[in-house]
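Both chains come to you apart, so use the hints to assemble them.
As given, the protein sequences belong to chains A and B, one line each in that order.
Our numbering applies: residue 1 is where the first sequence begins, and numbers increase by one.
Our numbering applies: residue 1001 is where the second sequence begins, and numbers increase by one.
No lab work stands behind these hints: they were computed from the structure.
Watch out, some of these pointers could steer you wrong.
No farther apart than 35 Å at their CA atoms in a straight line, the calculated lysine-lysine pairs in the DSBU-like style are these [as the list claims (entries may be wrong)]:
1. A:K459 - A:K478
2. B:K1087 - A:K216
3. B:K1087 - A:K448
4. A:K202 - A:K32
5. B:K1087 - A:K104
6. A:K450 - A:K474
7. A:K202 - A:K154
8. B:K1087 - A:K449
9. B:K1087 - A:K32
10. B:K1087 - A:K232
11. A:K474 - A:K154
12. B:K1087 - A:K125
13. A:K94 - A:K478
14. A:K236 - B:K1087
15. B:K1087 - A:K255
16. A:K450 - A:K283
17. A:K151 - A:K302
18. A:K410 - B:K1087
19. A:K99 - A:K125
20. A:K448 - A:K398
21. A:K184 - A:K151
22. A:K184 - B:K1087
23. B:K1087 - A:K531
24. B:K1087 - A:K450
25. A:K398 - A:K355
26. A:K94 - A:K236
27. A:K348 - A:K410
28. A:K236 - A:K255
29. A:K104 - A:K236
30. A:K104 - A:K184
31. B:K1087 - A:K283
32. B:K1087 - A:K202
Next come the chains, spelled out residue by residue.
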Amino acid sequence: MVSRRNFLIGGAALPFLSYIELADTAFAATPKDILVVAQQLDNMTSLDPHEGFEAVGGEVMSNMYQKLVRANSDNPDHVLPVVAASWEADADNKVFTFKLADAKFSSGASVTGEDVAFSLQRAIKMNKSPAFIINQFGFTAENVESRIVAKDAKTVTLTTEAPTAISFLLFCLSANIGAIVEKKVVLANETNGDLGNAWLQKNSAGSGSFKLQAWKASESITLVLNENGPYKGNLKRVIIRHVVDPSSQMLMLQKGDVDIARDLTSEQLKALQSDDGIVLVRKQIASLVLISLNQNNANLAKPQVWQAVKWALDYEGMQKNIVPLTHAVHQSMEPAGFPGTVTDTPFKQDLEKAKALMAEAGLKDGFDITLDHYSAQPYPDLAQAIQANLGAIGIRVKLQSAENRQVLTKMRARGHEMALSAWGTDYFDPNSNAEVFCINKDNSDDAKKKPFAWRSSFKSDEFTAKAEAARDEKDPAKRLALYETLQRDFMANSPFAVMFQTTRTAACRKNVNGFQLGVLSEGNSYLETNKA
Amino acid sequence: MNRRFKSLAATLSSVLLTLFGLTVLTFLIGRVMPVDPVIAAVGDNAPEDVILRVRTEMGLDQPIPVQFLHYLYQLAHGDFGMSVLTKNPVAQDIVRFFPATFELATAALLLAALIGIPLGVWAAVRRGSFTDQAIRVVCLAGHSVPVFMLSLISLLVFYSALDIAPGPGRQDIVYDGMIDTVTGILTIDTLIAGDLGAFWDALAHMAQPVIILAYFSMAYIARMTRAFMIDALKGEFVITARAKGLTLTKVIWGHAFPTVAVQLVTVIALTYAGLLEGAVVTETVFSWPGIGQYLTVSLMNADMNPVIGTTLLIGLIYVGLNLIADILYRVLDPRVK
Chain A
1 MVSRRNFLIG GAALPFLSYI ELADTAFAAT PKDILVVAQQ LDNMTSLDPH EGFEAVGGEV
61 MSNMYQKLVR ANSDNPDHVL PVVAASWEAD ADNKVFTFKL ADAKFSSGAS VTGEDVAFSL
121 QRAIKMNKSP AFIINQFGFT AENVESRIVA KDAKTVTLTT EAPTAISFLL FCLSANIGAI
181 VEKKVVLANE TNGDLGNAWL QKNSAGSGSF KLQAWKASES ITLVLNENGP YKGNLKRVII
241 RHVVDPSSQM LMLQKGDVDI ARDLTSEQLK ALQSDDGIVL VRKQIASLVL ISLNQNNANL
301 AKPQVWQAVK WALDYEGMQK NIVPLTHAVH QSMEPAGFPG TVTDTPFKQD LEKAKALMAE
361 AGLKDGFDIT LDHYSAQPYP DLAQAIQANL GAIGIRVKLQ SAENRQVLTK MRARGHEMAL
421 SAWGTDYFDP NSNAEVFCIN KDNSDDAKKK PFAWRSSFKS DEFTAKAEAA RDEKDPAKRL
481 ALYETLQRDF MANSPFAVMF QTTRTAACRK NVNGFQLGVL SEGNSYLETN KA
Chain B
1001 MNRRFKSLAA TLSSVLLTLF GLTVLTFLIG RVMPVDPVIA AVGDNAPEDV ILRVRTEMGL
1061 DQPIPVQFLH YLYQLAHGDF GMSVLTKNPV AQDIVRFFPA TFELATAALL LAALIGIPLG
1121 VWAAVRRGSF TDQAIRVVCL AGHSVPVFML SLISLLVFYS ALDIAPGPGR QDIVYDGMID
1181 TVTGILTIDT LIAGDLGAFW DALAHMAQPV IILAYFSMAY IARMTRAFMI DALKGEFVIT
1241 ARAKGLTLTK VIWGHAFPTV AVQLVTVIAL TYAGLLEGAV VTETVFSWPG IGQYLTVSLM
1301 NADMNPVIGT TLLIGLIYVG LNLIADILYR VLDPRVK
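With the rest of the complex left out, here is chain B (with noise of 0.2 Å):
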């Protein structure tokens, strides 16, 4: 009981450390950097009287410390500060765009997970095969060619020329204003509305963005299982449990493909927070509004509040995401038991 608190606390120290020091790292930024955050607020042209006294509401003439230390005391009370681009508590903001980005990530992970896992454990089963070098090529091409790149050509092809699929934004103009946002996530809030038409206009906008970044993730995940099944079936276990007579399906799935999914936690969890973290490039190209696209307009217009929240919350989805990881560890290797 006393080596699981203390270990508990040490992981929750650790936590905690990360997060200050993230705060610290992208407060110090924000306050350094040569742009002046006043400029966003007001505009480039507006008199000398004005940004001196938007400076003092912002808080700005104060020296970086007193900054520092009253947005912590902020932060203690659950207040990430508010937007000056879109006028709200940043908070509130974070509540609006992240379902979106969460919407598509998530759709693209399981995705990704779905088709990658089995193409790797494939190409590794049939390692040096026509099959392999088919995967390695689909592979290549799903990480190397630019995100912007596919997402162009996707538009082009099934938008623009084939007329299959929706152009860019989270749905229809028709559907504009009818849904409630209940969850946030616009799949979700159609069923609840109980529009099966925006149900299926909102699913049909996911496609194009989803399939892309499935891709892409998927041609990492699919790299890494070939890396790991590799391994896997180079071992003994593998070869006692052939010799014994088992099926090959049985060897790869029941015996090799445990061992495997022990290392793929950690891949899918990086792989899941790089893409909660926004796929900015995708969510640019087809008008997503989640908080890739919220940092980035952020950033670009000197908004350091938003900037700063996002980063935090960034933050705290590695790290929650790393510890789901470290947990699952625990319930799947039996060696750390």
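Here chain A stands alone, though its shape is the one from the complex (with noise of 0.2 Å):
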């Protein structure tokens, strides 16, 4: 006879028995055809190419979507083939046609010109942050119908507003405001005349690799194979999963619920170093990690402290001893991976100079300044450093640490004095960071344009003219030496000093091969991946 109480027990522990038995299906390592990455996806707000200009939905975009070139990771000088065959100018470089591939939507519809044409001119029309990329060419939404043609199905031509290199155009068609749509499917979701953009956010309509099943903010993103599309592999879909915590991505790694985990630390690194099971992809990408002094100060308008930073710091050491493993020394204000970058460093630490410096400048006896820098490691570490570099030369630093966006606000503000912080480069061409870096016409306080040199108020009439000599010059092999010459030039008389480049790293379960890590977000890239 069965008491009540046994009973009881008994009816208690059966959940837990059929749980014991779940455990052993349920834990099991993902599908090989589902590729399962664990990522951080918190700062995302669009899956539009039009509109979305942050890293993480870059990535996601230019697997979903193809462009008419794209960047070219083993030879940076020259761009790549992908909607587009091949693409001649004009004898004045202002006329560029394009003669297109095959290709096919998600939908099963050829890749057309009028596709082509109605992608570019949708993007100048919107106007969407990344836009500038394109309508740098004189493009405005008034004349980009008469600019941006489909000469045929096949052909497609883009007249620019004055003569232009092919190459900076090609580099500039690589980002994702370049992304070819699917005209059609795209009106046919337009809503108050907004082109298809409140849907697009949310959808795709391209002709990459996958396509977009679900994103769900703060939760997953869902891409599904486009079976039209380029990719060749063994996967049908791939999960990105919103892993927040690092110590979570690294365990999920371990036990095989994640393929790949995205945003371990250099200490989780450094363990899976050894980890015979664990393959780690390295890409050093578009991000400088620098010193900003802002010019309305003073101590720090004197060109002779420029060279007393740039001098005191202790480079080597902080990335042995700090960031090993995330950032390499890099002194150029362009990239490593871009067309054409300076990948000399110059600067050593020499305090003896850097202290000849300082009193060359009248400023023996240093001064009281204040760094802003941002909260998140490794920049705190980095800061100490810093503090104790620029001590050793007569600087007191006072350190200020918040929040990356409350320094950048700052900064917008030319509120800081000296800052550490990093920059992103925006599209594959070194116009894009010379452009923010050299050219500031107009230094005053409601100026219409306010690059990053504008925020540290700093105006030199020297490095526009070059920066623009650079970027309109038409031969591509002088352009990239010109920028060679701008990227010394800047190096050795800027109030900027560059100090590092970040490097990304992807750690992949040894039975993923494949992924790519670009120099820009764009080009990470599933095209190549296959699980075993």
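What follows is the structure in structure tokens.
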């Protein structure tokens, strides 16, 4: 006879017995045709390629859409054809003709010249954050329909306002703003003349490897294979799970619940270096860590002080001790991996030289200054090292830590004295950084353009002229040579001490191969990814 | 009748005043904090003309009082505004994120109360004994060890080492997109869908965060129960009951505990409110897409409409649970009647 007590205990135990049974099946490794990625997805605002301008979103979009051309990570001086099979410029370097290759949208329809022209026109007409990348060629909402034209199903012409280096145009078209969307589908989902913007923020209409199945903000993104796209591997789905905590990402990777972990810390990566089951894919990305000296401070406005700061910093020591796996010493304003980037690192710590420069500036006894910096690691540690380095030459630094948007807001208002921050490049051309660091024509508080140089009140007519000359040079080789000269000049004679370039690492399980990281996030690609 | 009406009116006025105060405070903090919300919308590298246009679109070029009046007007029409990050109306986001937290918090509270109250009573009855000391140590650990540490240790032991619990997240990827959202409470939705595999999977994913949160809350409930019970056991009515020859069980549960229950209502209500507020750390470690994570992400990205909307919701929860506690006081405590 079963007592009432035993019956209740037995009843209570049943769920747990079922649970143990379940544990064997449900917690197995991910299926072979599904790639699961753990990644922080908390700053994505849109998956419309003509609007989204954040790193994570950029990566997702570049796997859903194709562009006329794409950046070449093996040889950054030349782009690779994608939707465009070939291109040529006219004698005046103003009319550029693109012949299209065969490509299909996820709907099965062919990519036509009309789709290409519509897509580029759409980007200009919507005029969202990244539109400046192509409207700098003189396209406006008013003229774009006459300047970007589909000549036939396989031919598109772009007519720029002024003579333009074809390499410059191509590099700009390799950005996500150059993504080709399917005109018919997008217009079918248009509301209130928004050119399908609201719909495309959470849907896709591209010809890339994958299409969007679902985006659950702060939860996950699910991409499914575009059967008509260029992907030829064994993946049917890519699920990107929003996992904020790096420790959770690490555990899930080691257990096989995710195939790739994207946001591991330096310490975790160190531990994984000796793990045979994990492969680390590393890439230097277009993000620089630098100190900006605001020129509205009389002491910081002295060129000798710019030099003194650069010679006082212990770049190698900081890299080895604070950011060994996440950053490399880099001193040019252009990131390594870009066309024409100078990778020399002429500045080494030389305190005597730095002190002599301080004396030459009439500041032998030093001065007090505040350094604003991001509160997230590694910035506090770097800031402390900078404080010690500059202290050795008499610059008494007071550290002020804040969340990164707070620091950026302060810099935008020119409220900082010195700031340790990061700068991410917008598109794959040297002009992207040269423009923001060198071209500042109006240094007034209410200037219409407020590039990075403006934020630190730095205006140099010489740099402006050189950057514009390099931008407008038609010969691609000469153009890159001009940028190299500009970089060296800027490195030596500007109030910006570029210190490091960020290295991004994706930790992949051994059975995952072919995942690629790009110098820009839009180069992060699943195109050649497979699971064994 | 008139007295009751007055009491109800006073309560309602107090609730509305609290919520209004909360709205003013949160709105002002959102507007005066040293972060430009436009950067959250368009990114730091956006050109100046786009920034200016979006600032106007967001109404941030208006004086703060005008912005506030506009916001109040929106609120009066049930509109919490749009989230810059999710591109959804905030109300829609709350409907999506809150059930995940509700599910976690309710299960954790039930577990915490079911274990914490008897433990507290037991510790009070055995005051000073080994049992009391053991319960004290267990409770101390639950309340003093940081939740993120407990969560990580739990993942390390039960998920990574022993392999008897699933990892972070609400469900396994094999169920991704398989269950239609009806209530947003996954255990219920899986049952509605008739998918027992998904139900057990959802329950398994809940186990660790629920136990962690329950442990944390249980520690507090048990300590408070013990303190209330010790006081109650000193009462003359308890001595009388014992003198009359009643069994210890009857004295404890029939005489002493009902007096403690009244005080426990407030403790449990506040604990529940705290859990519903969103256990940010637990949600972060366990990748639980709840209201706490939504609030944190919004705050970190200066996305102020969700911050204000979520704060109002949390305020409403506190006020609501306090009201329920007040009502229960009247039911449970004859002196209030």
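These are the hints, each one checked on the structure:
For the suggested pair K459 (chain A) and K478 (chain A), the alpha carbons sit about 25 Å apart, so the restraint of at most 35 Å is met. Pair hint K1087 (chain B) plus K216 (chain A) holds up; C-alpha atoms about 11 Å apart against a cutoff of 35 Å. Distance hint between K1087 (chain B) and K448 (chain A) is fulfilled; the C-alpha atoms sit about 28 Å from each other, no more than 35 Å. For the suggested pair K202 (chain A) and K32 (chain A), the alpha carbons sit about 27 Å apart, so the restraint of at most 35 Å is met.
Taking the CA atoms of K1087 (chain B) and K104 (chain A), the gap is about 29 Å. The hint holds against a cut of 35 Å. Distance check on the hinted pair: K450 (chain A) and K474 (chain A) sit about 27 Å apart at the alpha-carbon level, within 35 Å; holds. Distance check on the hinted pair: K202 (chain A) and K154 (chain A) sit about 29 Å apart at the alpha-carbon level, within 35 Å; holds. For the given pair, K1087 (chain B) sits about 28 Å from K449 (chain A) by alpha-carbon distance, which is consistent with the 35 Å threshold.
Straight-line distance between C-alpha atoms of K1087 (chain B) and K32 (chain A) comes to about 33 Å, which keeps the hinted pair within the 35 Å bound. For the suggested pair K1087 (chain B) and K232 (chain A), the alpha carbons sit about 33 Å apart, so the restraint of at most 35 Å is met. Using a Cα cut-off of 35 Å, the hinted pair K474 (chain A) and K154 (chain A) holds, with the two alpha carbons roughly 26 Å apart. For the hint linking K1087 (chain B) to K125 (chain A), the alpha-carbon distance of about 20 Å falls within 35 Å, and the restraint holds.
A C-alpha spacing of about 19 Å is found between K94 (chain A) and K478 (chain A), which places the hinted pair at or below 35 Å, so the restraint holds. Taking the CA atoms of K236 (chain A) and K1087 (chain B), the gap is about 28 Å. The hint holds against a cut of 35 Å. At roughly 34 Å between alpha-carbon atoms, K1087 (chain B) and K255 (chain A) fall within 35 Å of each other, so this suggested pair holds. Restraint check for K450 (chain A) and K283 (chain A): satisfied, since their Cα atoms lie roughly 30 Å apart, inside the 35 Å limit.
At roughly 56 Å between alpha-carbon atoms, K151 (chain A) and K302 (chain A) are farther apart than 35 Å, so this suggested pair is violated. Between K410 (chain A) and K1087 (chain B) the alpha-carbon distance is near 27 Å, which keeps this suggested pair within the 35 Å criterion. Distance restraint check for K99 (chain A) and K125 (chain A): the Cα-Cα separation of roughly 24 Å lies within the 35 Å cut-off, and the hinted pair is therefore satisfied. Straight-line distance between C-alpha atoms of K448 (chain A) and K398 (chain A) comes to about 32 Å, which keeps the hinted pair within the 35 Å bound.
Annotation: proposed proximity of K184 (chain A) to K151 (chain A) holds, straight-line Cα distance about 18 Å (limit 35 Å). For the given pair, K184 (chain A) sits about 23 Å from K1087 (chain B) by alpha-carbon distance, which is consistent with the 35 Å threshold. At most 35 Å may separate the alpha-carbon atoms for a hinted pair to count; K1087 (chain B) and K531 (chain A) meet this at roughly 34 Å. Proximity of K1087 (chain B) to K450 (chain A) is assessed by CA-CA distance (about 27 Å); at most 35 Å being required, the pair is judged to hold.
Proximity of K398 (chain A) to K355 (chain A) is assessed by CA-CA distance (about 19 Å); at most 35 Å being required, the pair is judged to hold. The hinted pair formed by K94 (chain A) and K236 (chain A) fails the criterion: a straight-line CA distance of about 43 Å is larger than 35 Å. As the CA atoms of K348 (chain A) and K410 (chain A) are separated by approximately 30 Å, the hinted pair is consistent with the 35 Å bound. Distance restraint check for K236 (chain A) and K255 (chain A): the Cα-Cα separation of roughly 22 Å lies within the 35 Å cut-off, and the hinted pair is therefore satisfied.
Restraint check for K104 (chain A) and K236 (chain A): satisfied, since their Cα atoms lie roughly 18 Å apart, inside the 35 Å limit. For the suggested pair K104 (chain A) and K184 (chain A), the alpha carbons sit about 13 Å apart, so the restraint of at most 35 Å is met. For the suggested pair K1087 (chain B) and K283 (chain A), the alpha carbons sit about 31 Å apart, so the restraint of at most 35 Å is met. At most 35 Å may separate the alpha-carbon atoms for a hinted pair to count; K1087 (chain B) and K202 (chain A) meet this at roughly 9 Å.
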